Amino acid sequence: MADFNVTTRGVGPVRVIDLKGYLDAHTAPELEQEFNKLIDHNDYKVVVNFDELKYISSAGLGVFMAYVETMRENKGDIKFSNMQDDVFNIFDLLGFPVLYEFFKDEKEAIEKFNQKEKS
Amino acid sequence: MNLPYSGLVSARKLEITILIGIIILVFKFIFPITENSFILILNEVLIFCALYFGVLYTSHFTQLKKNEPISLIINIGIFNAVLFFLSALSSSLFEVIPSLEVNVNFIYSAISLIIAYIFMAGVVVVLSAFKELYFIRLKTDTHKSYDAMIVFFILAFFAASLPDSKEDPNFIGLTFFVVSIILISINSFRVSWIAFLTKKQKTQLLIISIILGIIFILNAVSTFENSFIKQLLENFSPGLHSLLRLMMIYGSIYCGIIFFTSLFHLPTAEAFDKKVEEASSLKDLSRLITQVFDFNELADSITNLTTKVSNSDSAWLVTKEPGGLKLSSVSNIGYVDADEITKIFESEGILNQEEFVTFSRKQIRLKIKNDIRLFDFKALAISPLKVHNNTSGFLFAARKQNYGFDEDEKKSIEAFADYAAVALENAKLIEESIEKERLKSELKVAREIQYKILPSTTPNCDNLQVSALFIPAYEVGGDYYDFFRMNEDKLGFVIADVSGKGISSAFIMAEVKGVFETLAKLIDSPKELLVKANNILSESLDKKSFVTAVYGFVDKKKGQLSFARAGHMPVYICRNQKIEKLVPNGIGLGLDYGYSFEQNLKEQTVDLVDNDIIVLYTDGITEAKNIKMEEFGYNRFESIISSENFENVEELKSKIINKISSFTQGNSQHDDITLVLMKWVSNNKPSGVN
Numbered sequence: 000m001a002d003f004n005v006t007t008r009g010v011g012p013v014r015v016i017d018l019k020g021y022l023d024a025h026t027a028p029e030l031e032q033e034f035n036k037l038i039d040h041n042d043y044k045v046v047v048n049f050d051e052l053k054y055i056s057s058a059g060l061g062v063f064m065a066y067v068e069t070m071r072e073n074k075g076d077i078k079f080s081n082m083q084d085d086v087f088n089i090f091d092l093l094g095f096p097v098l099y100e101f102f103k104d105e106k107e108a109i110e111k112f113n114q115k116e117k118s
Numbered sequence: 000m001n002l003p004y005s006g007l008v009s010a011r012k013l014e015i016t017i018l019i020g021i022i023i024l025v026f027k028f029i030f031p032i033t034e035n036s037f038i039l040i041l042n043e044v045l046i047f048c049a050l051y052f053g054v055l056y057t058s059h060f061t062q063l064k065k066n067e068p069i070s071l072i073i074n075i076g077i078f079n080a081v082l083f084f085l086s087a088l089s090s091s092l093f094e095v096i097p098s099l100e101v102n103v104n105f106i107y108s109a110i111s112l113i114i115a116y117i118f119m120a121g122v123v124v125v126l127s128a129f130k131e132l133y134f135i136r137l138k139t140d141t142h143k144s145y146d147a148m149i150v151f152f153i154l155a156f157f158a159a160s161l162p163d164s165k166e167d168p169n170f171i172g173l174t175f176f177v178v179s180i181i182l183i184s185i186n187s188f189r190v191s192w193i194a195f196l197t198k199k200q201k202t203q204l205l206i207i208s209i210i211l212g213i214i215f216i217l218n219a220v221s222t223f224e225n226s227f228i229k230q231l232l233e234n235f236s237p238g239l240h241s242l243l244r245l246m247m248i249y250g251s252i253y254c255g256i257i258f259f260t261s262l263f264h265l266p267t268a269e270a271f272d273k274k275v276e277e278a279s280s281l282k283d284l285s286r287l288i289t290q291v292f293d294f295n296e297l298a299d300s301i302t303n304l305t306t307k308v309s310n311s312d313s314a315w316l317v318t319k320e321p322g323g324l325k326l327s328s329v330s331n332i333g334y335v336d337a338d339e340i341t342k343i344f345e346s347e348g349i350l351n352q353e354e355f356v357t358f359s360r361k362q363i364r365l366k367i368k369n370d371i372r373l374f375d376f377k378a379l380a381i382s383p384l385k386v387h388n389n390t391s392g393f394l395f396a397a398r399k400q401n402y403g404f405d406e407d408e409k410k411s412i413e414a415f416a417d418y419a420a421v422a423l424e425n426a427k428l429i430e431e432s433i434e435k436e437r438l439k440s441e442l443k444v445a446r447e448i449q450y451k452i453l454p455s456t457t458p459n460c461d462n463l464q465v466s467a468l469f470i471p472a473y474e475v476g477g478d479y480y481d482f483f484r485m486n487e488d489k490l491g492f493v494i495a496d497v498s499g500k501g502i503s504s505a506f507i508m509a510e511v512k513g514v515f516e517t518l519a520k521l522i523d524s525p526k527e528l529l530v531k532a533n534n535i536l537s538e539s540l541d542k543k544s545f546v547t548a549v550y551g552f553v554d555k556k557k558g559q560l561s562f563a564r565a566g567h568m569p570v571y572i573c574r575n576q577k578i579e580k581l582v583p584n585g586i587g588l589g590l591d592y593g594y595s596f597e598q599n600l601k602e603q604t605v606d607l608v609d610n611d612i613i614v615l616y617t618d619g620i621t622e623a624k625n626i627k628m629e630e631f632g633y634n635r636f637e638s639i640i641s642s643e644n645f646e647n648v649e650e651l652k653s654k655i656i657n658k659i660s661s662f663t664q665g666n667s668q669h670d671d672i673t674l675v676l677m678k679w680v681s682n683n684k685p686s687g688v689n
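Order-wise, the sequence lines are chains A and B. Residue 43 in numbering that gives the first Met the number 0 is what sits at position 44 of the first sequence, and the numbering runs on without skipping anything. Residue 430 in numbering that gives the first Met the number 0 is what sits at position 431 of the second sequence, and the numbering runs on without skipping anything.
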């Protein structure tokens, strides 16, 4: 039905996950798989680019919650970027901005990781 | 009078037959011997009628044996033997009486009557039995030659009473007699039923036909000899004697033909038996497939029948399971042996070809090098179980005799493998549907339980109208709402949405209900309550799950609404057809179990004004989708609420339901929908004073 696509690319030490389409209970396992791969490769610095994501359900939100702890324990994090307003609204209502970092642009998020590295 | 119709009619026929018999009795005592042709004709007509109704009556019994020709033949034999015995005995005891006119007396009349009746009965039985034999497996509607034969029988019957002497022989009678014999010869060839007998029955028939044929010939010969019986019967009725003679000739010819036919059928009898058995086995199997749902039971029948039909010594059935091949059933072979042979052939890669294959002694010897026990088998056939080009297993048939499977046997093994495949498929489908049915009924129970968890009625308050709605997307959902009467003045309420859908969220929802119900009794402050709830839920929620909620209460005395929002959808207050969205800070339950949750949770208090409508909902409403996958959205939802001044919240509720259902028409519901509406109507306070 609703299509979903997830791809990962590396920008320096940071992995960027591009999400496309609809992220819901049916497609969430694909994203989980992607996170599992990152952990297998010891990649804990993750930026999720929401530029082409049209919809996210509560099951989709759950994926980030499930992995953020592991990332943070390993000196990494999951940061969000390029979110469209209606998608951000969902995150905002839930209070995610208190717990996660959101950026207008992917570069800012990567920059944030790199700054931390230097300091 | 509950006699069945045919029974009633046959009783009537018996009555008529007996009546005619009595008339003949009386008639014969009045005219023991006669030369008067009119009385003679009357005599013949009476006897003909007796024979006619007698045949009609006995037909009822012979018809019952329509499918047992052997038993019919034996019946003929018994009566025939009685007649033979009678004629032989009487001929040896009594001499031919020289001049009947002088020597006739009462005793003779009585004896002659009894003997004549017995012969009549014999003729009747033999005639009706032959009739039945003629019509066995008759495939055409035309039986002209039979009808013609009967007609000539009747003609011969009546012509027999015409005067006959050395100088002036009865040519008419003779002609009818000869024509009758020709027709008998033609009709005697209708013995196709012999082909359908089993080998055993054919052998029986062969022996019976020899004995019966001899008796018939002896009887027929005796009708030509000048004996006591001949004299007696001819005196009783010339027609009867003529008919008896015809019957005996009929029997002789018929038995001869039966003898030769069954003799020639004997060599092919075995092959024919096998075909019949195969056909009936397939019939049994197809019946089993529709009746027996247990595959193992079916597999047993399949292997059993396979050994029978293919002349094998052993057969076994293996099915493909996720873990590999599994032996489902064996016939006449040990599980271990069958398993071992299967494994050898599997490891040789023969089973991967998924085709019907047979192996000769040499080939088996090559395959099975290690095990001497398995050398027993000299021929082996393997047939795949195929349905829709999908192989679900294999049927093995093995033989100890040193000759290969012929085409017929291969075909029947393949046919049984096909049946097994269908049965296997059926059994699987049935198992699945039973499982599905079970889950369905359990979900139904879960649904009922869930509806019991939710409040069955909305609380009645003087100055607060309350209405609520819950529509799960699946059988069960993860939404929850409830009301708590905290004290006289305060009515607590909660609306919550568990992440995810279906059963997993329904379990959490039940737990959430327990937490809120308990805490509502202990804690007044919405913020404090939600913080406590977050702590409790941290122990049971998994990492992926969270719960959004709004908890609050309406203080009726103060006319105030107090609430806190844990990541949930905004709380609407509609005042004078204008919506105010209240979104105090707060993150969802389960997102963070530390300090952040408490720190970011803000409590909000609103002074209510008369006719304010408080709207609580879950995202199932705003995210309801139509066929084009467009969302119902905030705007549509809000415009309904602010469209008019709703006197009654029920009205608003039904308007919202209607709008959503017409919007989503044709599309299935994606998420649970929950809606709680409360309207503040402080009637006791005149408006404008506060």
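Hints are supplied without guarantee of correctness; some may be wrong.
What the hints assert, rightly or not - Calculated pairs, BS3-like style, for lysine-lysine (alpha carbon to alpha carbon, straight line, at most 30 Å):
#1 B:K627 / A:K19
#2 B:K520 / A:K103
#3 B:K489 / B:K520
#4 A:K115 / B:K273
#5 A:K103 / B:K542
#6 A:K74 / B:K556
#7 B:K410 / B:K273
#8 B:K273 / A:K103
#9 A:K111 / B:K410
#10 B:K658 / A:K53
#11 A:K74 / B:K542
#12 A:K53 / B:K580
#13 B:K543 / A:K103
#14 A:K53 / B:K627
#15 A:K53 / B:K542
#16 A:K19 / B:K624
As the list claims (entries may be wrong) - Residues from chain A shown here face chain B by an in silico Cβ test under 10 Å; the list is partial:
#17 V5
#18 Y66
#19 D76
#20 L93
#21 F95
By construction, these hints were calculated from the structure, which means they are not laboratory data. Since we're looking at a predicted model, the values are computed, not measured. Even for Gly, the Cβ is constructed at its ideal location relative to N, Cα and C.
| field | 30 Å limit on alpha-carbon distance, applied to hinted pair K53 (chain A) and K580 (chain B) | value | 24 Å, holds
| message | Against the 30 Å threshold, does the CA-CA distance of K273 (chain B) and K103 (chain A) hold or violate the hint? | response | Violated, at roughly 84 Å.
| query | Taking 30 Å as the top limit, are the C-alpha atoms of K115 (chain A) and K273 (chain B) close enough? | reply | 88 Å, violated
| Pairwise hint evaluation, K19 (chain A) against K627 (chain B), where the allowed Cα distance is 30 Å at most | Between K627 (chain B) and K19 (chain A) the Cα gap is close to 19 Å, so the pair holds against 30 Å.
| query | Taken at face value, is the distance from the CA of K103 (chain A) to the CA of K520 (chain B) at most 30 Å? | reply | This hinted pair is violated, its Cα atoms lying about 45 Å apart.
| message | For a C-alpha distance cap of 30 Å, please report whether K543 (chain B) and K103 (chain A) respect it. | response | 25 Å, holds
| Would the pair K658 (chain B) and K53 (chain A) pass a check requiring their Cα atoms to be no farther apart than 30 Å? | Since the Cα atoms of K658 (chain B) and K53 (chain A) sit roughly 24 Å apart, the hinted pair holds (cutoff 30 Å).
| said: Does K542 (chain B) sit within 30 Å of K103 (chain A), going by the straight-line distance between their CA atoms? | reply: 27 Å, holds
| query | Within a Cα-Cα threshold of 30 Å, do K74 (chain A) and K542 (chain B) meet the stated pairing? | reply | 19 Å, holds
| task | Return the status of the interface hint for F95 (chain A): holds when the least beta-carbon distance to chain B is below 10 Å, violated otherwise. | result | 7 Å, holds
| message | Would the hint linking K19 (chain A) and K624 (chain B) be met if the CA-CA limit is 30 Å? | response | Measuring from Cα to Cα gives roughly 19 Å; hence the hint holds.
| task | Using Cβ atoms only, decide whether V5 (chain A) comes closer than 10 Å to chain B, and label the hint accordingly. | result | 17 Å, violated
Checked against the numbered hints given earlier, this structure breaks hints 2, 4, 6, 8, 9, 17 and 19; the rest are met.
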